[in-house]
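Can you join these two chains into the complex? Each is in its own frame, and there are hints to help.
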Amino acid sequence: MITTTGLTKVYRSRGREVTALDGVDLHVREGEVYGVIGQSGAGKSSLIRCVNLLERPTAGTVTVAGQDLTALAGRGPRAGKELRQARSRIGMVFQHFNLLSTRTVQDNVELPLEILGKSGKERSRKARELLDLVGLAEQAGAYPAQLSGGQKQRVGIARALAGDPKVLLSDEATSALDPETTRSILQLLRDLNRQLGLTVLLITHEMDVVKSVCDSAALMENGRIVESGTVSELLATPGSELASALFPVGGAATGEDRTVVDVTFQGEAATQPVISQLSRTYNIDISILGAAIDTVGGLQVGRMRIELPGRYEDNVVPVGFLREQGLQIDVVGEQQLVKEGAQ
Amino acid sequence: MTWSEMQPLLEQACWDTLYMVGWSTVIAVVGGLPLGVLLVLTDRGGLLQNVVANKAIGQVVNVARSMPFIILMVALMGFTRSITGTTIGREAAIVPLAIGAIPFFARLVETAVREVDGGLVEAVQSMGGNTWTIVRKVLVPEALPSLIASTTTTIVALIGYSAMAGTVGAGGLGDIAIRYGYQRFETQLMWITVAILAVVISLIQFAGDYAARSLHRRGGRSGPAPKLRLLKASTADTKTV
Numbered sequence: 001m002i003t004t005t006g007l008t009k010v011y012r013s014r015g016r017e018v019t020a021l022d023g024v025d026l027h028v029r030e031g032e033v034y035g036v037i038g039q040s041g042a043g044k045s046s047l048i049r050c051v052n053l054l055e056r057p058t059a060g061t062v063t064v065a066g067q068d069l070t071a072l073a074g075r076g077p078r079a080g081k082e083l084r085q086a087r088s089r090i091g092m093v094f095q096h097f098n099l100l101s102t103r104t105v106q107d108n109v110e111l112p113l114e115i116l117g118k119s120g121k122e123r124s125r126k127a128r129e130l131l132d133l134v135g136l137a138e139q140a141g142a143y144p145a146q147l148s149g150g151q152k153q154r155v156g157i158a159r160a161l162a163g164d165p166k167v168l169l170s171d172e173a174t175s176a177l178d179p180e181t182t183r184s185i186l187q188l189l190r191d192l193n194r195q196l197g198l199t200v201l202l203i204t205h206e207m208d209v210v211k212s213v214c215d216s217a218a219l220m221e222n223g224r225i226v227e228s229g230t231v232s233e234l235l236a237t238p239g240s241e242l243a244s245a246l247f248p249v250g251g252a253a254t255g256e257d258r259t260v261v262d263v264t265f266q267g268e269a270a271t272q273p274v275i276s277q278l279s280r281t282y283n284i285d286i287s288i289l290g291a292a293i294d295t296v297g298g299l300q301v302g303r304m305r306i307e308l309p310g311r312y313e314d315n316v317v318p319v320g321f322l323r324e325q326g327l328q329i330d331v332v333g334e335q336q337l338v339k340e341g342a343q
Numbered sequence: 001m002t003w004s005e006m007q008p009l010l011e012q013a014c015w016d017t018l019y020m021v022g023w024s025t026v027i028a029v030v031g032g033l034p035l036g037v038l039l040v041l042t043d044r045g046g047l048l049q050n051v052v053a054n055k056a057i058g059q060v061v062n063v064a065r066s067m068p069f070i071i072l073m074v075a076l077m078g079f080t081r082s083i084t085g086t087t088i089g090r091e092a093a094i095v096p097l098a099i100g101a102i103p104f105f106a107r108l109v110e111t112a113v114r115e116v117d118g119g120l121v122e123a124v125q126s127m128g129g130n131t132w133t134i135v136r137k138v139l140v141p142e143a144l145p146s147l148i149a150s151t152t153t154t155i156v157a158l159i160g161y162s163a164m165a166g167t168v169g170a171g172g173l174g175d176i177a178i179r180y181g182y183q184r185f186e187t188q189l190m191w192i193t194v195a196i197l198a199v200v201i202s203l204i205q206f207a208g209d210y211a212a213r214s215l216h217r218r219g220g221r222s223g224p225a226p227k228l229r230l231l232k233a234s235t236a237d238t239k240t241v
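Listed in order, the protein sequences are those of chains P and D.
Heads up, the first sequence is in full-length UniProt numbering, so the first residue is 1 and it goes up one at a time.
Heads up, the second sequence is in full-length UniProt numbering, so the first residue is 1 and it goes up one at a time.
The shape of chain D in the complex, shown without the other chains (with noise of 0.2 Å):
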């Protein structure tokens, strides 16, 4: 294959990718901070403790994390088909990917918003806030370098994810390197694909660790994501006591 034959392969299928992610991040995030939060707020302890639904909404999100990708996408035929009225194409993809995604963001969601500190709560409650009023002023706001880092985390997984998505035609760079690269013996197509997956991915992470740093440069003692701490030690650390 030549160049010229491989270039509107290959930009197709990006443009596929990142429709299918894109939008699978977009109700991700959607879906799955609410439950991410509800997940925190209703468990023992919580601001609406409620054990019975907290185990509920645990066992949903687990079933559904437990599920590997391609099944998921094939057990969701039936529910794709009633919400874009096709089983294939990126549309369809995108039902499943969303499906497979929101569960897993939700519980990063609930591991970020945990390491809110329980005090910031308590002095809002004391101004008399309502639980929405902590989740709005508190919750989101001082976990959103977490989130983000979340969001980054969630990204990649889908794109890995959306290389299963060609097997119900809905095209990417997954399908392409399979397709072409495993199928047809185009070893170069397949690399070509491997290293721009590698350079987007890599986009993505430096882009999501750039806005979670930056956010998070302002902020003290409660600021989550350890690790950027660890790189930024000396402006936000070493003035806190």
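Isolated chain P (complex conformation) (with noise of 0.2 Å):
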């Protein structure tokens, strides 16, 4: 639904060069939410805003729903009418809400439909319609001061919805909000999402976002993206950063002689006694170092760092019994330790 190839972007001023986008390769599909995570200063948000070209790319090209946009952008700094129509089938909401002061809660859901040249009539219909959908009817009349931050992010999303898009770009819309109306408002995009087919390409700097909504991530860090993939598919990768920060298990080995394996479980393998199986083969002592359940992009996943007595080269044979079981093992090498200990 959403592919950017070679996406680099390059700002200049003053005779300084700064590379915020260093050849980012994204491909988000349809029906799917796709979060980018990512520290400030990663280029986060100058990819959103080089997806619908509110920010011209310096090279690379992004494809929406099978329209090169990059193609129509031409050459001056100006939008011209085909790149704005594209736009407008591309709903956007954003940290800070960007409400109109002056205008209500009706008039803000209206305003992208008379860009669009819709009849009054057709506006406050759709616009209500909208309004019911994120549950604010009642505030209709409001201006956007006397509502409270969870309430004007839904303005922003009926808003970013009003000309039907198939797309939507959240840049950080919930890192303004405190953590329960965040999740109110995750809840809703998740909702969105399933109800209407709508595709959610979404940045945030919170590892919860991504957590409890995407299907799939990537993880950016200086204006590359250094790892990506469905939430399983990061689970399932040896050494994935990104799948220990969804996950993470702490825990430092007790001795010297010991070997600290971290097991992670998915689906049919969650169920499976392996631990005391493990423990009854080899006739070992298992200790347990750290262990969550939780639920990751609506996956059941399981993680357990586990100590095994010996060094890695005794405990050959029982890692590779884990492994038989279907189950993912990271071997946490100390080089690993001594990086978690530092962070």
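If you are wondering where the hints come from, they were derived from the structure by calculation, not from laboratory data.
Just so we're clear, the structure is a prediction, and the values are computed from it rather than from any experiment.
One or more of the hints may lead you astray.
[Said to hold, decoys possible] DEER-style ranges, computed between Cβ atoms:
{"hint": "1", "chain 1": "D", "residue 1": "52", "chain 2": "P", "residue 2": "184", "range": "48 to 58 Å"}
{"hint": "2", "chain 1": "P", "residue 1": "119", "chain 2": "D", "residue 2": "211", "range": "30 to 40 Å"}
{"hint": "3", "chain 1": "P", "residue 1": "233", "chain 2": "D", "residue 2": "132", "range": "42 to 52 Å"}
[Said to hold, decoys possible] Only part of the chain D face toward chain P is listed, based on derived beta-carbon distances under 8 Å:
{"hint": "4", "residue": "115"}
{"hint": "5", "residue": "119"}
{"hint": "6", "residue": "120"}
{"hint": "7", "residue": "125"}
{"hint": "8", "residue": "126"}
{"hint": "9", "residue": "127"}
{"hint": "10", "residue": "128"}
{"hint": "11", "residue": "133"}
{"hint": "12", "residue": "141"}
{"hint": "13", "residue": "144"}
{"hint": "14", "residue": "181"}
{"hint": "15", "residue": "183"}
Note that CB positions come from ideal geometry on N, CA and C, so glycine has one too.
This is how it looks when you write it as structure tokens:
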């Protein structure tokens, strides 16, 4: 639904060059919620602004719903008619809501419809419908200043949906909200994704956002995507930074002669009594250093950090046994422990 | 001078002042608003970025503003004659008053429009709006409370300028104060005109503040006019977060 290839954005100011995006290839499938996570300055914001060409990429292409937007952009800095039409089919929600303070909630939602040239009757019908969808039908006559943050973002979402978009871009939509409101807004995005088949691309710096709504995720660092895939693919990737960040299990080895192993359970494997089998089969004592079970992107996932006596060389067979059970095994090397300790 | 002698003089002067200031305000707003908006749009990073045009408009505005009004009035005599057919009287005074006030108002508009949150512009761009839509639906409406305050300031400045219009025989309150009060030692009449001016200016300021505030009351985060905000902090701002 959204594809970028070799997307590059270089900012030039006063002779200095800053590369915000460095050859980003992103592929978002139709109907999924895709999260891009990264620290501030990683280039997330530039990426999402390049998708609807609020920022002109320096190089690379952006295709949304089969339409090559970079080809529509033309050379000048101003957006031509075709690009504006394409933008009107892509909804966008913002961190700071960006509602017009002089318009009521209803009139804010009608704004994109005015731009599309809809008649007054059609506009108010559609706006009411959308406000109903986001649960704000009663606040239609209020001004944004009279609403709470969560309500404002609901208005922002209703407004973004006014042009019946197939794609919704969410630029840190929950970053200005408290945890509870964040959950309700994410729930709303999830519902809209399911009900309307809306494809959602969201950027965030909060791992919880990815954890609670995303089907797929990508990790950005220094303008590049360093990891990406569906949540279950990521969890199945050995040494995935994103997977361990999504699902942190702590605990350091208790002594020198120990092997620490991270075991990830997904789906079927989660129901097997593997640990007790392991213990009985090889007659070894296993200590559990840390464990968590949670739902990530709608999947039941468990992760456990266990410790086996002896060095890794002594434990090749038991580790092999665990792998045979269809579990994902990461042997935590000394290097990784040092790295985690530093964090 | 007795009151019955003064009254017709003052009545006529009031009307002359209102007539000159009224028309020149209308022209200043009509001319200054687009000019001020253009100053913002053509600036570096603006929607219609054009550094050359921006510098040119900026220079014209600066030159016009730096000219003392009485000099401007004299300098524009030829232009005034070509428009009104005369260089004396009320109509003739409106031309330099308006031309002096356009750049003044344009700078105030520029400041007001710059205060509008860039995020709103981006939001409308993301909906597919063009520059004209952004000006019409975002920049002007969102800056309206500030624009009204700017208009008030312009009217008050124009009342001040109009006192000098007496030098081209345009009449008005300032003219009365100088001709009768200063040149004929009618101190009483002079103080009366000063009092009338004070009342008129207070009323205009009050009306302008009231209009700006009542518009601003419903506005929220991106509303300009921080001065008004302090006054109304209890209603508008406590609910934003």
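Outcome of the hint check:
For the hinted restraint 48 to 58 Å between residue 52(D) and residue 184(P), the CB-CB distance of approximately 51 Å keeps it satisfied. Checked against the hint of 30 to 40 Å, the C-beta distance between residue 119(P) and residue 211(D) comes to roughly 32 Å, which is consistent with it. Between residue 233(P) and residue 132(D) the CB atoms are about 47 Å apart, so this pair conforms to the stated range of 42 to 52 Å. For residue 115(D), the suggested interface contact is broken, since its CB lies about 12 Å from the closest CB of chain P, more than 8 Å.
The interface hint given for residue 119(D) is met, as the beta carbon of that residue sits about 4 Å from the closest beta carbon of chain P, less than 8 Å. Satisfaction of the interface hint for residue 120(D) is found here, the shortest Cβ-Cβ separation to chain P being roughly 5 Å, below the 8 Å cut-off. A hinted interface residue such as residue 125(D) counts as satisfied when its beta carbon comes closer than 8 Å to some beta carbon of chain P; here the least separation is about 6 Å, so the hint holds. With its C-beta approaching chain P no nearer than about 4 Å, residue 126(D) sits inside the 8 Å limit, and its interface hint holds.
Below 8 Å, beta-carbon pairs count as interface contacts, and residue 127(D) has one with chain P at about 4 Å; its hint therefore holds. With 8 Å as the threshold, the beta carbon of residue 128(D) comes within range of chain P, its nearest partner Cβ sitting at about 3 Å, so the hint holds. A cut of 8 Å between beta carbons decides the hint on residue 133(D): the least distance to chain P is about 6 Å, and the hint holds. The beta carbon of residue 141(D) comes within 5 Å of a beta carbon in chain P, closer than 8 Å, and the hint placing it at the interface holds.
Look at residue 144(D): its Cβ gets to within about 7 Å of chain P, closer than 8 Å, so that hint holds up. For residue 181(D), the interface hint is violated, since its Cβ never comes within 8 Å of a Cβ in chain P; the closest pair sits about 45 Å apart. Taking 8 Å as the C-beta contact cut-off toward chain P, the hint placing residue 183(D) at the interface is violated, the least distance being around 50 Å.
When held up to the earlier numbered hints, the structure conflicts with 4, 14 and 15 and fits the remainder.
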